[in-house]
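Undergrad: Using the hints provided, position chain B relative to the given structure of chain A.
Going down the list, the protein sequences come from chains A and B.
Counting in numbering that gives the first Met the number 0, the first sequence runs from 0 upward without gaps.
Counting in numbering that gives the first Met the number 0, the second sequence runs from 0 upward without gaps.
In case anyone wonders, no lab produced these hints; they're calculated from the structure.
Because the structure is a prediction, the values reported are computed rather than measured.
Hints are supplied without guarantee of correctness; some may be wrong.
Unchecked claim - Negatives, chain B to chain A, calculated, CB over 12 Å:
| id | residue |
| --- | --- |
| 1 | Val18 |
| 2 | Phe75 |
| 3 | Tyr142 |
| 4 | Trp151 |
| 5 | Tyr218 |
| 6 | Tyr224 |
Stated by the list, open to error - Examples of chain B residues toward chain A, derived with CB under 8 Å:
| id | residue |
| --- | --- |
| 7 | Gly33 |
| 8 | Leu97 |
| 9 | Gln170 |
| 10 | Ser176 |
| 11 | Ile270 |
Cβ coordinates follow ideal geometry from the N, Cα and C atoms, glycine included.
For reference, the chains in residue letters:
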Amino acid sequence: MKKYLALAFVALLIGSLGGFASVSAEDFPRSETIYTANSAPPTSANPFQGGNIIGIDGLVFEPLFMLNFMTTELKPWLAEEGKWVDSTTFEVKLREGTKWQDGQPLTAEDVKFSFEYYERLGLKKIEGLKEIKVVDDRTVQFIFSGQPNIWVWRSNLYTTLIIPKHVFENLDPEKVKTMTFTGDEQKYLVGSGAYKLKEVVQQQKSILERNDDWWGVKYFPKPAAKYIIQLYISSNDQAANAFLKGDLDVATYYLDIESLKNQNPDIVSWLDRPPYFPPVVPVVLYFNTQREPMNMPAFRRAIAMAINPEQIVQQGPISDVPDQTPLGPIMQGWKDKIGAKDLIKEYGWEYGNLQKASEILDQLGIKDTDGDGIREYNGKPLELHFVTCAGCSDWIQTGEIIANQLKPLGIKVVIDKGDWTNFFMHKLNTGDFDLALHWAGTFKADPYSVYHSLMYYHNETDKGAANFGNYHNEQVNELLQKLSATPNEDEQIQYLKELTKIWLQDVPAVPIYTGTVFYEANTKYWKNWPNEKNPYGVPIFWPGFGTWGTALALLGVQPAQGPTSTSSPSGSPTTTTSGGGSTCGPAVLVGLALIPLVLYRRKR
Amino acid sequence: MGFKKYLAQKTTVYLITFVFAVTLNWLLPRLMPGNPIEAMIESNLNLAPGEKEILIKFYEDLYGLNEPLWRQFVNFWVRLFHGDLGYSLLYKAPVSDLIRNALPYDIVLLLPAIALSWLVGNWLGAMAGKNRRYDRYMMPLFYFLASMPYFWFAMLLVYFIGVELGWLPYQGAYDPSLVPSLSWEFIKSFIEHWILPFLSLFVVMIGSWAIGMRNMIIYELEADYVRYLEALGASEKLMTKHAYRNAILPQVTGLALQLGLMVAGAIATEIVFNYPGVGVLLMNAALSQDYFLLQGAFLMVVISVLAANFIIDIVYAFIDPRVRSSYTEG
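This is chain A alone, in the form it adopts within the complex:
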């Protein structure tokens, strides 16, 4: 009986092995393969919505322009150039020689088809776009009926992937919405890019293979890696182990770079000083500007002055010190043009100046009348509620530091925590808070979008996506309106200057610290990862950021060694061994269980 059981088990084991997709084993030479990873498994290669494979956007399918999010500049990609020929017509000229991976030429017809396809899917609605006109094989005109919002249009240039008309015109958009483009459907994944999707091992890894017939080699350097493999690593600990052992080349995980660097000097990030991670945009402290006394700009200014970001950066979350504008380090180019430094000097405040902050509150008549250390407003002690989400440990930490910094000013801050959707976002969206932190308004690819999302307000429903404090200023609305209509850079700078000035004077929100994205790369097999000094690509290795510049980064890396020396002796000392050792663990355990039995039998 037992024999049969054992046999059955062995049979089951072997049988279930056979249950896996039977694909022939393949070798991916380590020196020709970039390993990256994501915390969600690869399940869908859908280029339109929710694909979770890095590089489907940007490496397989390409946009007209690539965005480099770290500099917020556009890089002409499939397009040679694009410009407003008059106030309602945007003309795009394609590069010479663009072609699809199946050999067909990529023409203006494909561009027109792609933009229309996104609208048919319901994924885009380009306001005011009247007609897409194919002028010739390489020229397309986008004709708007009224005055278009040039910044919204700018975002369409890098978020719209150009797809092959000859493949997709036969595909029903309704079906495409839920296709995964893996398995049998992979044949529709004909892009124009430097890589092809080779295979998706469902829920475990995806493999991109270089397209050696890429049109782009005429204009850009030839991509170095033959394969890009995306693994599924769900926890930070596992990612750290994989980096230490050199099994992972680049990824976006929350790891302790300093201690990783000590153990493995090959590991790099954006900066070579703390915080190491790339500082991107400021996290801002919102005021509910429809509540007293936060409706007074002077009061908001006093709080801004009492806050000390240096202390927050030292004791709080991984971050860098912000300036006073909501435009992050990624917009340094814009900030130089509008002279942000001078504006801050002239109209800004001074962080950490408690003395001055107290004076302002005294002048406003908000004083501590009963001597308990807390100022009274309208006869009641001034107590502000800082709302945050219970899982957001970095924000809770920051909130506690802010509470400590405002205490000497005579303001009590109470921290309220709850879950993200039903407590925190609900409170923000309904205006039921005094203070709150968020980055949603600053994580944008252009300064217009930052100011629009933070300061635009028409009414309760028509307002900036991140104007949680309901800041309202008609002058801002007008400036945004003008800014949205002009492609002229001098005028843009003028309007941005004025918006920045209003921001500094009115303090709708206070930049508290510059948030970072996570980024770590290993230089053992691949070098020239983008960093602060060479920001040619974006260090965000998440799906969906391909055309935001992840593709640029993956195309820009170079092999660390010549192709001949594949095995490097300088590797980490612990490598996985098999054979003799592998049976030890179970043998010891079985042995331990058997010893008492053996003894017991003998004694009887």
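TA: Same frame as chain A, but now just chain B:
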């Protein structure tokens, strides 16, 4: 005749249970507060002004979540009978594909772990129940094993055997540079990666099986029928045999339930070893309110638990003469 009636009765009960359980599985995630689509869009960082509203409408249409609840319920049953489990909100892929691709890993891991630990645990437990001296030092060990959290033991294995000693690979189901296939290289790599997660489950499970068995054996050895046998001068072997047959019954039920729950995966083990299984899928689905994956996965759980129970009901008729007589006589 009796057996047929017994079967029919059982089938009806199971069908009703099935409908009820599946309805609950459909309803409960939807009663959770919050809107998964808004949460999904809000976590999307790279949106242009005005894009949010377009996307919310797109996804509500796509998943039919803007329809009244009763309509969604009807759609759900209609699709279910067409074999369509829906399309995952979180993973953007058909639920049936997701489960089909993850389940083999769980079965390969959990089936041997549950079955072998059941055999070994019962054997050790029976041994402990019969022999006091052995019992005295084995029981603390059993309690220690049974109370040990899976993830804790798994982390110990990862750290000591995987990372420090480097004897065995510590993460994944096979080497990152391989693709599943029927080659020796893959099978070897797979088995190497399988050992640690298997051990982490197997060792911990032994404890609870052994405790259950030991207690049952002690109880049965004190029972009147054993005393009677003893008085008749029966051999110890015969008494043990009778006691064992009775003691094993609850253990069989336990085994069936464990095997039924197998399709829910082993969440802790999968997380620690980064093993691709249903457990992590399910956990993430619950966290992000992925209605479709949740109801699909729980459907599998309901079916397999019911199936396991059904089989046990039938098996009981063979291994327990009391059950057999109750329906043949009734």
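Undergrad: Would you list, in rising numerical order, the hints stated earlier that this structure does not obey?
TA: none
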